[in-house]
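Novice: Protein sequence lines, in the order shown, are assigned to chains A and B.
Heads up: the first sequence runs through residues 473 to 914, numbered per our numbering.
Heads up: the second sequence runs through residues 7 to 267, numbered per our numbering.
What the hints contain is simulated information worked out from the structure, not anything from laboratory work.
Fair warning: there could be bad hints in the mix.
Below are the SDA-like pairs computed for lysine to any residue, each with C-alpha atoms no more than 25 Å apart in a straight line [what the hints assert, rightly or not]:
#1 B:LYS152 x B:LEU189
#2 B:LYS258 x B:SER210
#3 A:LYS512 x B:LEU154
#4 A:LYS593 x B:THR148
#5 A:LYS712 x A:LEU567
#6 A:LYS767 x B:THR68
#7 B:LYS152 x A:ASP673
Nothing here was measured: the structure is a model prediction, and the numbers come from that model.
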Amino acid sequence: MRARSLVDGYSKQEVGNNPPILTGFFGSFGGRYVAEVLRKPLHELEEAFLSIVPSKEFQEEYQAKLKSFVGRPTPLYYAENTTRLLGGGRLYIKLEGLAATGAHKINNALGQGLLAKRMGKKRVIAETGAGQHGVAVAAVCAHLGIPCRVYMGEVDMMRQKPNVFWMERYGAEVVGVSSGSRTLKDAVNEALRDWASHPEDTFYILGSALGPSPYPDMVRTFQSIIGVETKEQLASLGLKPTALIACVGGGSNAIGFFSPYLYPIDESEERIKGTETSNMPRLIGVEAGGRGPGKGQHAARMSGEGKVGIVQGYKSRFLLDEDGQVLPTHSVSAGLDYPGIGPELAYLGDRGRIEFITATDRQAIEAMDFFARTEGILFALESAHGGAAALRLLPSFSKEAVVVVNMSGRGDKDLFITARELDRERWREFLQREVDSLGDAL
Amino acid sequence: MKKLMCHLVAGYPTMNLSFQAALGMVEGGASYLEVQFPFSDPTADGPRIQEACVQALDGGFTLREGFLMVRRLSRTIPEIPLFLMSYASLVVRRGISWFLDQAKEAGVQGLIVPDLPFDQDEGYYEAAWERGLHPISVVVPTMDSKRLDQLLGLLQSHGERYIYVALRTGITGDPTNLSDENLSFLNMLAAKELKVLAGFGISSYGQVEALSPYVEAVVVGSYLVGIIRESTTRFGGSSPDQGESLKRAVAKAVSTLIHPV
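Bound-form chain B, shown alone:
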């Protein structure tokens, strides 16, 4: 069974179209959704996602609208777990409690905040667990083993099973090869009965097929941002069918990642 976690930027290309794109992802067979709230300085994202964030912010993205959109999603597709990705600046600005309460209310199940590492987290991990939310750590195969043990110990002591693996030392959008280093890292995590979400650079059925046996879900990010951009550009303007055609294009792209052509 091939499971995908599909990524989208809230507010890209518009708030409503990003909602439609999310529905398309689910229609195409996504098992999880990762909704990114755009930040002005996304240092851990590659050019495509970065551009999408800039456009979403230029379009007037606010946290208020972002949480409304996520709530609408969680009510429309309650069967799909929603994870929220963003950066520390947005999470701490009004206070971590405020942000997490909003996320919980909106129906989010977990959060991914790459620049709040577990040992410099401003209390974010504990606060998330207190609310029954998953604070999902992003780890890399090059991680120091002592540091990794420390993290895994922390996760185990809270019964936290989700973990997110950035497979290449690099930035989203680079091609990914399943090197021996990557595979042995994934095997090691799987042996600890963790639910591994892994990706970066996934754009083909072959890659999904290769990675699937080792993970809970394969993460697809930049590729889908590209699909959304293409589809929006192709249909252009503000035609009433735009949402529908975007949804179809995204659904098709997701489906071809799961099923051989």
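The following block holds chain A by itself, in its conformation from the complex:
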């Protein structure tokens, strides 16, 4: 795999002969809307990102660890059974969930962890929603020997208990957040507060391509490996993608997966949208449709009622009420249950380069079940939203079309959610027996 450089950083601006600087903006989205106390640490982070990450030494270490520690490259799988069953385009699945700790999150956690180390930071903090980013950060910190604290909303801790357990096994301190909606956004708030109190010695590993600049650029840079690898794997088969599909919470897997195909967008309409006959693939982001339309029932920012706003340090589309208060969200998958979307995705969505659609809780669970039975592949509930969209859209493509869906995570972690949805009675009996046997042991 060739070394990646910041030549792929899109919000950069060439100034004469000077090296590129990040503008931090994607159209009018993005930016660094933070209290003054966080300006300096963010500026230091930006400088470190721009000078250290493109260096040969950093890239060699990062690429080596992506192989030996993360297990890259992840496979690109031809879903032959599904293709035969549904007709229409050929479906490929990028098995990103086979990366260490079970999701794409580790690409970014490793990159930022290595950067923290080179900046001489003594302590790492992170937020987590589903727990996948927290688990990845905890594993990376164990690997690199840095103390780690993970903030997690109490609601998420309840529904993703196994991930809390694993983070603690990796030696991380998991701190429950009891404020606000007690989910991902509140964990972000708490991590920002911690960072504001300890900016000198602490590195904040943010898990999605959002937040104040330079995070959206940095997270995309570290996640772009998904798209670059997919492109090379397709090329080795003599293929080009017709459409790429990814689920979108904050959007880190989507922006990384789409990254080789995003720009330029300022040419013909066909090139912006991507069609079967153009050189640019269609890019399709799938948001959480939850229980359906209605306040607090979903997390559809782009395909729903998202409003332009400034929250948590960046400008983007958010689910807000008339006053600007952040609305509650719902998704069966904790990782998509977030009221905002990364600024670059929002910009590309508004420009029409990325199409946004939704899949409901029920459709995601059905897709998870379908791919397990049909392909022997287990999607995480987040990624299963992408899977559901693929199943819906595949028949509408021609036989020559190549459709690739990113399975950003694998589904083992969702056992406690999917089992109660799909096998409730036997699951109840099993849990009862477990509880009884725990009692006996006491």
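Fit chain B to the known structure of chain A by using the hints.
Specialist: Using the frame of chain A, we list chain B on its own:
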């Protein structure tokens, strides 16, 4: 002369009680009031103020009611300058012009919006000055000197003299020590004839006394939120005297910050 800027969250514990608390602050000797409009995700606030915001929102706080309350305050106590603190999301949602017009009409003199920094402000600073409102910057002693010069130049060119200093690198509610770094920063600002509002973590007469010589007013925030919470819990229920007793408790707390016991 010790001047205080007292902070309260509009709608905490209820809209009417926050109004009573504000009157108590003035009765106790506050020179300025900082009224915070609660936001669902207040990243620059510590746990106490955050909790108060959650409770105010759970109680149904809306911008409409918030501006009504502020207008009532400005008419009841016209001699006390009122500053409005909130977050960018609320300020930009219906448009900055709309928000500032409402603030002006309600009798507000200035605004504090920590996540609209002067160089990424969506036009907020100019729009405030056009309406004769003070857009008050929040600065920290650790600020890069070039950036600070840039800001001070901007303020000077508009004749803006108010500036708000967050004394510790951290979040409201932490204890504050007047370190050399803090003092030299305050002295530097005072030398530029700025009206400095400074605080974070103020809870005693000693702290007020130490800080007063360097500032226009000492900001008291979390401590008073705590007083309001205690007082409300103690008297509980919905007794008709609750407003009166809350007002007295707040007045006493403020007074003991200004006068030695």
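Novice: A separate judgement is required for each hint: does it hold in the structure or not?
Specialist: Taking the hints in turn, this is what the structure says about them:
Annotation: proposed proximity of B:LYS152 to B:LEU189 holds, straight-line Cα distance about 19 Å (limit 25 Å). Taking the CA atoms of B:LYS258 and B:SER210, the gap is near 13 Å; set against the 25 Å cutoff, the hint holds. For the suggested pair A:LYS512 and B:LEU154, the alpha carbons sit about 12 Å apart, so the restraint of at most 25 Å is met. Using a Cα cut-off of 25 Å, the hinted pair A:LYS593 and B:THR148 holds, with the two alpha carbons roughly 18 Å apart.
Straight-line distance between C-alpha atoms of A:LYS712 and A:LEU567 comes to about 18 Å, which keeps the hinted pair within the 25 Å bound. A hinted pair counts as satisfied when its Cα atoms are at most 25 Å apart, and A:LYS767 with B:THR68 qualifies at roughly 17 Å. Between B:LYS152 and A:ASP673 the CA atoms are separated by roughly 23 Å; this keeps the pair inside 25 Å, and the hint holds.
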